[in-house]
Amino acid sequence: MATDVATQAAVPEVQAFNITLIIRRFLPEIDEEARWESFDVEVYSTDRILDALHRIKWDQDGSLSFRRSCAHGICGSDAMRINGRNRLACKTLIKDLDITQPIYVEAIKGLPLEKDLIVDMEPFFAAYREVKPFLIANSSPEPGKERRQSIEDRERFDDTTKCILCAACTTSCPVFWTDGQYFGPAAIVNAHRFIFDSRDDAGDVRLDILNDKEGVWRCRTTFNCTDACPRGIQVTQAIADVKQAVLRGRA
Amino acid sequence: MSTVDAPRSPYARTQRSGTNWEKWGWMYMRASGVVLVVLIFGHLFVNMVAGEGVRGIDFAFVAGKWASPFWQVWDLLMLWLALIHGANGMRTIINDYSSSVTLGKVLRGAVFLSAAALIILGTLVIFTFDPCPSVSPEQLGLLPSFCPPQ
Chain E
1 MATDVATQAA VPEVQAFNIT LIIRRFLPEI DEEARWESFD VEVYSTDRIL
51 DALHRIKWDQ DGSLSFRRSC AHGICGSDAM RINGRNRLAC KTLIKDLDIT
101 QPIYVEAIKG LPLEKDLIVD MEPFFAAYRE VKPFLIANSS PEPGKERRQS
151 IEDRERFDDT TKCILCAACT TSCPVFWTDG QYFGPAAIVN AHRFIFDSRD
201 DAGDVRLDIL NDKEGVWRCR TTFNCTDACP RGIQVTQAIA DVKQAVLRGR
251 A
Chain G
252 MSTVDAPRSP YARTQRSGTN WEKWGWMYMR ASGVVLVVLI FGHLFVNMVA
302 GEGVRGIDFA FVAGKWASPF WQVWDLLMLW LALIHGANGM RTIINDYSSS
352 VTLGKVLRGA VFLSAAALII LGTLVIFTFD PCPSVSPEQL GLLPSFCPPQ
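Listed in order, the protein sequences are those of chains E and G.
So the first sequence is residues 1 to 251, counted in the numbering used here.
So the second sequence is residues 252 to 401, counted in the numbering used here.
These aren't lab readings, by the way, just hints derived from the structure by calculation.
Under the rule of at most 25 angstroms between Cα atoms (straight-line distance), these lysine-lysine pairs were calculated in the DSS-like manner:
#, chain 1, residue 1, chain 2, residue 2
1, E, Lys91, E, Lys109
2, G, Lys274, G, Lys356
3, E, Lys213, G, Lys274
4, E, Lys132, G, Lys274
5, G, Lys356, E, Lys213
Derived DEER-like restraints, expressed as beta-carbon distance ranges:
#, chain 1, residue 1, chain 2, residue 2, range
6, E, Arg55, G, Ser350, 37 to 43 angstroms
7, E, Tyr104, G, Met299, 46 to 52 angstroms
8, G, Met278, E, Ala137, 29 to 35 angstroms
9, G, Ser319, E, Arg248, 38 to 44 angstroms
10, G, Ser350, E, Thr20, 32 to 38 angstroms
What you are looking at is a predicted structure, and each value in this text was computed from that prediction instead of being measured.
Glycine included, every Cβ here is placed at the ideal spot set by N, Cα and C.
Using the sequences and the hints given, assemble the complete structure.
If you want it as structure tokens, here you go:
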């Protein structure tokens with residue numbers, strides 16, 4: 001009995017509170033323009049924005065549309081603009097936001113809006129494909145062996161291997177907003193991942209692709225991308241690395 | 252592109268073309284920036300602080316500076332580097348903000364023409380400036396006092 005009381009005291013009750021979510025809606029069948037719609041939801045302090053969106057979709061308005069897959073911050077489906085900052089809905093705890101004010105949720109910017117929080121990601125992936133994000137090697141590894149790489153060589157591109165292609169960085173970039181032709185931070189990050197890989201032999205090809213009017217020189221180092229990255233990648237640093245590599249002519 | 256506000260607006264990446272000057276533009280901005288820091292602060296010190304300071308600046312002061320090839324080259328460098336640096340910066344801002352292709356072209360053209368006009372006029376003045384030109388007798392009173400009698 002005494003142990004039961006002690007266990008109960010040790011586990012604090014999960015706090016519940018009411019919040020207001022203002023979501024930028026766009027239903028292409030009905031709406032000419034996107035509009036803001038307000039929802040009141042009861043949530044727990046352990047809930048994330050994604051849970052609040054689920055509660056709205058399941059209990060209040062089934063027409064609310066958004067993408068999510070793993071819901072644990074690794075698939076990169078649910079990047080959205082939460083209170084003006086690009087975040088993953090599944091990694092943003094509601095208690096970390098200012099819940100005395102309404103929370104604004106909208107689709108990521110700069111890509112064509114399809115419905116509610118869903119945008120057309122194709123231009124984003126088109127830029128990604130253009131930087132050839134795959135290993136291009138002229139040599140074959142020793143028979144029966146992997147390609148060897150020193151710890152130091154692996155270290156060079158370690159940060160950029162973390163990208164989950166959620167588009168939070170690219171759609172937080174003011175240059176991308178005004179000029180959709182800019183490759184965008186995500187494509188440069190994924191080029192960086194192979195340019196600085198000692199096993200890859202096509203670094204010069206990728207540097208040539210990014211030494212473009214719409215390539216790395218378009219970056220204004222506003223650090224929006226670094227702030228937006230849910231994986232904590234130093235995106236602006238990666239872009240600076242690629243700039244230096246273009247100037248040197250090699251990785 | 253108005254993709255931010257207009258839902259479902261068409262969108263596609265287009266293929267690049269033409270020579271790429273962006274890398275050289277980027278390097279020029281950094282190199283000229285470093286040189287300009289030296290040139291401009293040197294200019295400000297000599298004009299505003301050294302000697303009599305800001306009260307010493309008059310027509311004779313400028314005439315005296317441009318009599319020396321050293322200051323001619325200094326001011327020429329400052330003129331060219333600063334105007335190209337500034338014009339390239341304006342070009343970048345126009346690229347970032349202009350919403351239509353035509354407007355961008357017009358604005359870039361205007362920036363180029365004004366920078367070119369200022370560079371040409373400035374260069375002309377630095378090398379052809381003569382504080383004591385030969386004038387007709389009735390205009391002699393217009394010449395500065397330090398000029399030798401004609």
